[in-house]
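Put the two chains together into one complex, using the hints given.
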Amino acid sequence: MDNAEFQLFPDAASTVASRVDALFLFMTALTIFFTVAIAGAILYLGIRYRRGANVNRAQYSPPLWLELSWLLTPVPVVIFVFIWSSQLFLEMQRPPKDAMEIRVVAKQWMWKLQHPSGRREIDELHVPTGRAVRMTMISEDVIHSFYVPAFRIKQDVLPGRYTTTWFEADTPGTYHLFCAEYCGTNHSRMKGRVVVQTPSEYEEWLGGGRRDQSPVVAGAALYEQFRCGSCHAQTVTPLRAPPLEGIYGRSVKLANGATVTADDSYLRESITRPAAKVVAGFQPIMPVFEGQISEEGLSDLLAYLKSLGTADGVTADGSGGAAEGGSREGAKP
Amino acid sequence: MSDPHGATVSPSTSTSPQPSSPPGVVTVTRPAVRDPVNYLNVDYSWKSWLLTVDHKRIGILYLLSITFFFVIGGAAAVAFRLELMTPKADLFESETYNKLFTMHGVVMIFFFLIPSIPAVLGNFLVPLMVGARDMAFPKLNLASWYLFMIGGLTAVWTMLIGGVDTGWTFYTPYSSTYSNTYVMATAVAVFITGFSSILTGLNIIVTVHKLRAPGMHWFRMPLFIWSHYAASLIMILGTPVLAVTILLVAIERGLGIGIFDPKLGGDPILFQHLFWFYSHPAVYIMILPSFGVISEIIAAFSRNRVFGYRFVAFASLGIAVLGFLVWGHHMFVSGQSAYAGMVFSILSLLIAVPSAIKVFNWTATLYRGRLRFDTPLLYALGFIGLFTIGGLTGLFLALLAIDVHVHDTYFIVAHFHYIMVGGAVMGYLGGLHYWWPKMTGRLYPEGWARLSAILVFVGFNLTFFPQFVLGYLGMPRRYHIYPPEWQTLNVMSSAGASILGVAYLFPITYLIWSLKFGPRASANPWDATGLEWQVPSPPTTHNFAVTPHVTEDAYAYPDSALVGDAH
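Chains as they are written, first to last, in my numbering: chain A, 3 to 335; chain B, 121 to 687.
One chain only, chain B, in its complex shape (with noise of 0.2 angstroms):
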């Protein structure tokens, strides 16, 4: 394969190991230099990014995407958390509130947290951290995002028409027989997602595969690509059980045979299993990858190796086959029986294992390192403490006995959130951080950085933490007027909510301002390992002139014994 644009990379760049240059000087002279030319100003047409098969730029179409789609998501959730500020209905009709927290979680879940850091920093990164020229299905890779904006299109066009209000579980036979909304549409684009997602997965398995670089073998590979392989693991292997179960939805709701609903002969409990089986393992597509993106972030902001790598690596692989095996503790009051519920309580508790190796090995990486507390890292430590409380949270429902009493309340609200937003959320702002210099060449504003990571992490836990309580206490979820004794926690939830609204805004904010006003990026401002960093920022659209060869494991920082303190 021939690369048009090899002639233009300098070798030097490639390998040049300085840090950063105080930025600032160098803007003032630049625009009177021809930039190297990138696979973002190699050609400016609508054509040549809608027809794109360059993984990086269906990463940034993917990034455009499902920040419009977080942005509705969040809207849908500061109009209910401003709803649920009383415990009298003010804002909305109970049918308006039911649609809204519907409206967050398919919009939030499937079209946001699913392909966040997978489609976003995966598709940008994937190939070139194993030293490849792009992935192993370009045009079936453009074909995924094709696929999920025609999804999410529809999931937004069901809204305007007048949305639907069966929660993001669908459970039947409220979904099949009684509701009166648009579940059909809604289903038809959750099932088209389904498949972007199952296409992602399979370019990035096969792309593991075959495309690593000579030298790159699976033990020096980095441990973000660790975790995005037993994601898509999960990806392919769960998502057609979604596709199943919402054709089996709509068969009955559109015909009238009898699958879930009893008054057609059908059983309802069918679904949940079904459901559940794709939507537990959901979690873990959700979560893995951000675990990729914060051993990379530990790694490069304490230049040090990744503590028990092979630990870490197998730790990923092992929550995706144990996820398989949990989804029956979504029904501990479903009245499924009491010794299967036994059987998913331990299983689910089994999981701590993984996760506490992970856990354990991150803190131990900053042993010995030599610690940068810039914007990524924050985001990487606010993640460690999170995903400790949502992990730990996680053991109360896998006890039965709990919960019995904290299933369907605020207290498993507050737990999936802690994972979701506290886990996943915060792996890919600090991803997006790490990155950002690579994908745009711009560096952002550090101050304003680290400001609204540390406004993510106290606007988080003062939405979520109260929760907590309130679920103990009794609140069910899903609850548009509750009783005035748990008024108080609410209104600090949604104080919460109004400070991690302005939170995100912000990095929405300076990391526009930057793609214009940012410092320039040198190759690897952040002096980090891993080929993605020994290609200019931006890369060239072939991302290596020349093939690399890989000669160190993954996280080869010089022992900083050796090495004068450079500060």
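Pulled out of the complex, with its shape left as it was, chain A reads as follows (with noise of 0.2 angstroms):
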């Protein structure tokens, strides 16, 4: 938050917020036992049998049960807690699937935040409350961090592949976002703030400011700019390149036996180096575009790559925003 009013307690703002301190609380409350339970042993011992103390101090040996019920005592404890924290972390990693998608890309040393309908911001994100939110991040350059306190979520932000990870915001407020990877010189000053705003103040944002094309209709100009098409697309014979209708979320089988699935990651991959991955049946001929379209750019092909349909029939991409503009044949089942 804005003020610089003490805290304690870090404000909660997401749905999963309340729950991972239900957790931690619970961990607090263990450890102020057992802190408590030997400290006060240690206390209580140390008073009792200290020298010249007139107590009975005839030589003891612990009943194996003893050893053995201390062996045994954390156990069920951290396989009770295990199981608590790997449920909710698991539900943390999973999306739903109609969650919208913000993409980042993040460089030493800021934020820049794209949102389906195509409008930008820059260390600063807004989103509206009671939708599933999901980050599909990367970095231009090292290792950073999307981490926000107050929603109690942070994933890491890699160069060269394409990290996840989403939320709910259920309080409106302005709350920190950090960079929470080290990352250089600037690591301290690459921060912003996250506005949740109700989804009327949100619409009325979005429709707000510079108009900026839709990462789709971006996507079809760059492939139009660098003539994919002149292979992948399915009119042109004998077929030199897999065709891309339908690719995204698909499993494809590699040249050299193995299978993988069509994601991000995977598809940045074959256009920045395509010799990595080459498709069954196919010559490795595809020249190779590392450096030459940026971070964003591949950003917005890999948005019309989607357009084009999912492995599934549907587009992943479950925002109305991203649908205006684009050419989305196939889009729909």
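One thing to keep in mind: the hints can contain errors.
[Claimed, not checked] Restricting the straight-line Cα-Cα distance to at most 35 angstroms, the calculated cross-link-like pairs of lysine-lysine (DSBU-like) are:
| no. | chain 1 | residue 1 | chain 2 | residue 2 |
| --- | --- | --- | --- | --- |
| 1 | B | 259 | B | 636 |
| 2 | A | 114 | B | 383 |
| 3 | B | 208 | A | 99 |
| 4 | B | 259 | A | 109 |
It is worth saying that the hints were derived from the structure and are not from the lab.
Nothing here was measured: the structure is a model prediction, and the numbers come from that model.
Encoded structure:
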């Protein structure tokens, strides 16, 4: 928050925040219990068996059951909290299918974010309450980490590979956004704010400001500019390259016999370093685009590819915003 | 092997069990009498120190060197704690700030904590405790100190010519491609020092296997030996992986061959796997020897057998083995698969089992003891409390759902300082006080020592407890500037650091003072068991005039119910 008030516990503004806090408070109680028990035992024994006290000091050999009970005491406790935490973690890892997607490009030392409608932001993120938001993130240089304490989420942002995280904000307000992975000189200045708004405020905000091109439109333009269709279009005969309609999310058989899922990271690699994973039945003839298309451009291309349909026949991007203006043949089942 | 000084060791001193006579009176008459020849006064020449193969002298060389590095690392900490008194940048540029915390981490971990107990107390005590005349490979032992110094001085030189800003974790591709600071020179320093660690570990393992005195079987060994044995296994199995990792960074940085940087076709996550494969077990290199010290101190000052000896011994080995299987808990938010994360989570949580065994047994050792609250015991009891908090907060971090929020925040900074400073440094200081009379033949002023033990405890908690709160609030680590609402907690932390800094100066001062003015120590001032207390203080070069025969278990204190209360 903007005010400089002293705090002992962080703001909670996402649906998982209070559930993480519950586990945290349980662990805190456990810590206090054991620390007080150990400290109490030390104090009690320390006073009782101090030098000079008149007490029974006859040698005592601990029975085996006592040692075994100490050995086994922590086991059910850790299994209990492990299950609790892992269930919650798996939910935090799996975005709902209809999540709105925000694309993030991190670089030394700024956050560049883009909404499905195309609106771009730097070091500031507007999101509506009550709507799951998936962040698809990549770095242009070193490793960064997208961290919003009020949402209790954090995800490293890697160069050369997409990572994702998601959240659903539930309390309007302004919250800190930090880079949590040390990334060089201005690491502590690579921060911004997350503005959580009601859905109507968000729509209003989305409508204002500069009109940026939607990622799908921008991607389609790049597709034209780099003449991808001269090989990838289904109409080319003989087929020189795998057709891209419905590629997103599909299993792809590679020339080396392996099978991969055509996710963001695979498709990006197939553009920047096409020889890394060649599709079975094709020659490695595609030129290398490493360094020729910006991270945002690659992101737009992926948005365009996604708009060509996904493996299960629907667009992965559930947001309405992305639909506007994009060429989306085959987008609907 | 003939012992040139054997004749000077009077057998009566090696068996005298009486507690130290009230000190002070003796010193007045001493100057007239020639000291018996011991490892310190046998030769005063520089050469006799720099070419020594005596494990005790090498231990002293390490003591002096790591104290030097501790002061450097501590000065860096004082500097950045001062900077963090305000949310804005006041004293340093961000570049300098980043170099300071890197320097603090590199120096404290590689040049202080890892060698601290094993290379100083371990070197000095392992042969004495098992009844040997020296380490198995005395020349290798000296070589390891030279490697350490070459590595350490290279690191210092690196700081003088401009420093390095990658953090002690050297994450790629920042370290391998982007940083414009002296990454290579620092990497070379750490690489060289790693071999010193490997050689020390090798020496301890071979000494324990081959040089135990007759009758000293495995379950008669002091727990100090068990924990050093466990730590040494990690040193020789883990450190080579660090060396390989550093080499790979050097190859990428120097030759541009893609290993970690995706722009060159590499994988940045690979570095994290390799780095933590060493650096997580390295945490146990730092803490296991400290466990051994605590076991010795608690037994000696409660005049009691260590409760559950075998459980404590095997817990050390259990921690050493489990420690190799948990590195992935540093990578829960790195993009590692969720299921890999879950495996690392449960394995990390299971380390609570051997750790709890130790804490419970140490506490129970006080039961039916005869407690003397001298300085070493104060450090040991402080250790138990701080290690308990450090260990339990480790469980928070092993839990995936909590770690996502607190990873790379001050929460983890607080946690590992509770283990490293509250654990390893408290153990080191406790051990240094406990064996100081043996190492130097002098007693330190007890009042000052107790006062500084308490100050260290108070200063430590004031420094690091607020950081748990800061971490849960969301303050990322390695932040030069921070939001203003967190200033109060940061000021508390900096205030604690100033107390801690002063508290550390006390022992440095009075321990040096005691070398000249401290009362002379008898062979066994604490009336403790253990072979090291049966030789004179300080010991002779070859430790034992006659090879001891061990007939009792460790900590065979007389049954207290049967003897009168001497106080």
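Going through the hints against the structure:
no. : hint          : result
1   : B:259 - B:636 : 31 angstroms, holds
2   : A:114 - B:383 : 20 angstroms, holds
3   : B:208 - A:99  : 42 angstroms, violated
4   : B:259 - A:109 : 51 angstroms, violated
Checked against the numbered hints given earlier, this structure breaks hints 3 and 4; the rest are met.
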